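**Student:** Each chain, letter by letter, is given below.
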Amino acid sequence: MSEVVGIAVLLWVVVTLYAVLAGADFGAGMWDLLAGGAERGARPRAFIDRVLTPVWEANHVWLIFMLVVTWTAFPQAFAAITSTLFVPLSLAALGVVLRGAGFAFRHIVRGTPGQRAMGATFAGASVLTPFFMGTVVGAIATGGVPPEGGGDQVTSWLNLPSVAIGALMVATCAYIAAVFLVSEARKAGDPEMQGYFRARALAAAALAGGLAALDLVLMSSASPQLYADLTGQALPLVIISAALGLGAIIQVLRGGGWARTLAVGAVTAVIWGWGVAQAPDILPGTLTFDQAAASSSTLITLFVVFGAAVLLVAPSLALLFSLQQRELLGEDDH
Amino acid sequence: MSLPLAASELLLARQQMAFTLGFHIILASLGVGLPAITLIANWWGLRKNDDAAITLARRWSHAMALLFAVGAVTGTVLSFEMGVLWPRLMARFGEVLGVPFAVEGIFFFTEAIFVGLYIYGWKRLSPRAHLLTGIPIVIAGLGGTLSVVAANSWMNQPGGITMDSAGKVTDVRPLEVIFNGAAGYEVPHMLLAAYLVAGFLVASIYAVGWLKGRRDRIHKLGFLIPFTVATIAMPLQFLVGDTAARAIAVDQPAKFASMEYILDTGPNQTEWLGGVLVGSQVKFGIGIPDLDSILVGFSPSTVVTGLDQIPEDERPPAPTLLHLAFDAMVGIASALLLLVGWFAFSWWRRREPPESVWFWRASALSGIGCIVALESGWIVTEVGRQPWVVHGLLRTEDAVTGASGIAVSLAAVVVLYTVLGIGTILALRAMSRRWRTEGLTEQGVPYGPPADEEAT
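Chains as they are written, first to last, in our numbering: chain A, -3 to 330; chain B, 5 to 460.
Quick caveat, the hints were computed from the structure, so don't treat them as lab data. No experiment lies behind these values; they were computed from the predicted model shown. One or more hints might be untrue.
[What the hints assert, rightly or not] Coverage of chain B stretches by chain A, computed from C-beta distances (three or more under 8 Å per stretch; other residues unrestricted):
1) 69 to 81
2) 93 to 105
3) 111 to 124
4) 127 to 133
[Stated by the list, open to error] If we take Cβ atoms under 10 Å as the criterion, some of the chain A residues that face chain B in the derived model are:
5) Leu94
6) Phe101
7) Leu156
8) Val309
9) Ser312
[Said to hold, decoys possible] Here chain B is said to cover these stretches of chain A; the calculated rule only asks that three of the stretch's residues, wherever they fall, bring their Cβ under 8 Å from a Cβ of chain B:
10) 6 to 15
11) 82 to 88
12) 119 to 129
13) 286 to 299
Beta carbons are placed, not taken as given, at the ideal position from N, Cα and C, and that holds for glycine.
Looking at chain A on its own, in the form it has when it is part of the complex:
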């Protein structure tokens, strides 16, 4: 029982890390896409590239952790989700492939047309994955996934509330990335880029806020129980999220140093708000975390593995970031 709660919390930690860190990557890709022609977009693209490069691959692993923890700890829910949502999950994977390939090759291909094709692939794919992952969340939240699996392959996720959550996910990635890029530009003492991404952070914030409100309204009819919980047991988190989001905007406008932290807090609060609203169900109304859970020996093993991961990975990441901060890492012009 308590192991199940622990693993559910662990899963949500991984989901949060994926959403924030990969979200920033995806969002940066979107700003790359929207940066305009080769000449006009050269400055912001170069800036995005510089900020993104040294750690980009590390963020990929959160997705794998997310999938592995779900299938290991909650195999029945995982099977129900994957057997119903074949289409959006395949399309999200397509985004992963295109994005990774586009990014990997862009640094090698020389000459503008080739680079442009690679860049466009990379940037376009940055929209694909968060959107379809969003529709997966939407399908789960609106009860499109039956606990025994094999739900409708199309209508489960291709509906207004789920698509709206996909759109919210895209806007949120763009928002986080823009706030990150403002902070990076501020740190680098680059007022031009700071101003450039400030405008975009505000636009993305307005869009994300609007879509969040729309999603709440749609949810009230598509999934009344979840709506009641979002405005009930999860209400504090929803309010905290809105407040932090607003705080981040104020910091962005003032050029303050807290923008990034506040934006991350806002996104974190939304994700945990969703979790709290659904609790104790992993599939709302039909399957609880307890019912879906694997044997307790498996869950305990997962804790041990995760502990080992923290012990091994945390110092490695700390080393990476410390070397990066001390500017001991640089692109090898080889």
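Got chain A sorted already, so can you dock chain B onto it with the hints?
**Tutor:** Only chain B this time, still in chain A's reference frame:
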């Protein structure tokens, strides 16, 4: 009506899994083997103050980063596919397979971080510190191979679990899952295969350069370092492979009987080289009397289980494919063993690789040959386990998704991966062309100050 449809979906799902895994296994092997080869060059370069070795390490590290990036992508696709193609496998045994995969996650994460450190550390880290950042990549490669192959070998010889009468897993003993009955030979077999693929493939590229008349120190070392790794690994692989085959004869008799064309249980089994199984007749094959029994139990009187002992619905499909794949693997491995023997002999006598152009021609083909052997071995393991996905516990047809649309995703995957494969090869070729045209001097001194002070 629904049965043939389900059967074709099953085939499509198997094809998609086979295709994506068969693609990923090449990248994974290079991801495991190439860092070790790169580090050897780096270490050698520092120890002997050899600029050519450092230059090679630096170049290979860039190829390694590219291959790692592509491999991360194809690996992520596989974790999606475990769910979308085989939901009923995951529903029943996800909690078991998840144990080694979770461990693999740690190694993958570590690898991602240190690949980044190694690549971006060339210019400004001290040579020693930089070399040290490479070591975790090699260790993570070993650990990653152990975990992933543990999952695969568990499917061949499941153990370490307790199930209730309905077949639901009630208890998992993680160490028994990871160190299952087949892991002891599958893990070292795959690990050596990874080092062999990386060794022969890298060496073959420089052998081609050698044949084209590029005979500078870079090309010589570029051949010698990876080829030496392969020379050490090749005889070991023979021992491990031989052990594996004998273990399979006992533990997975259906797989063994199919791949060796053992039709009737008994002693004095013939070893077939090549040949096609038509009905219960081996055609066009060369049969060596008693040899199969001798290989299995060191005596012609060794009784080997044949297909007659295996219920018809538990026999692997396509025994001819299995047998020819097995023969291709063993045949190529034997040829490669002769090749590294030639090299070792020449090195022992003259401290030089053989001069014969035939040695270099054969070496130029060794990389591709080794990949064919790798894929053949993979086919034997995977097709040989059919019709089971988890041997004896879950049939593949009971694991496949009920979703339609696999034809579309399979087509998309084939197109996408073809582009990805071509792109990777073109990118590697573009890198190598740039290295050749820019030469050594323009790249800056590897451990010196950056050519441009601007942090780019």
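**Student:** Run every hint past the structure and note whether it holds.
**Tutor:** Here's how the hints hold up against the structure:
no. : hint       : result
1   : 69 to 81   : holds (count 10)
2   : 93 to 105  : holds (count 11)
3   : 111 to 124 : holds (count 11)
4   : 127 to 133 : holds (count 3)
5   : Leu94      : 8 Å, holds
6   : Phe101     : 5 Å, holds
7   : Leu156     : 22 Å, violated
8   : Val309     : 5 Å, holds
9   : Ser312     : 5 Å, holds
10  : 6 to 15    : violated (count 0)
11  : 82 to 88   : holds (count 5)
12  : 119 to 129 : violated (count 0)
13  : 286 to 299 : holds (count 6)
Hints 7, 10 and 12 from the earlier list are contradicted by this structure; the remaining hints agree with it.
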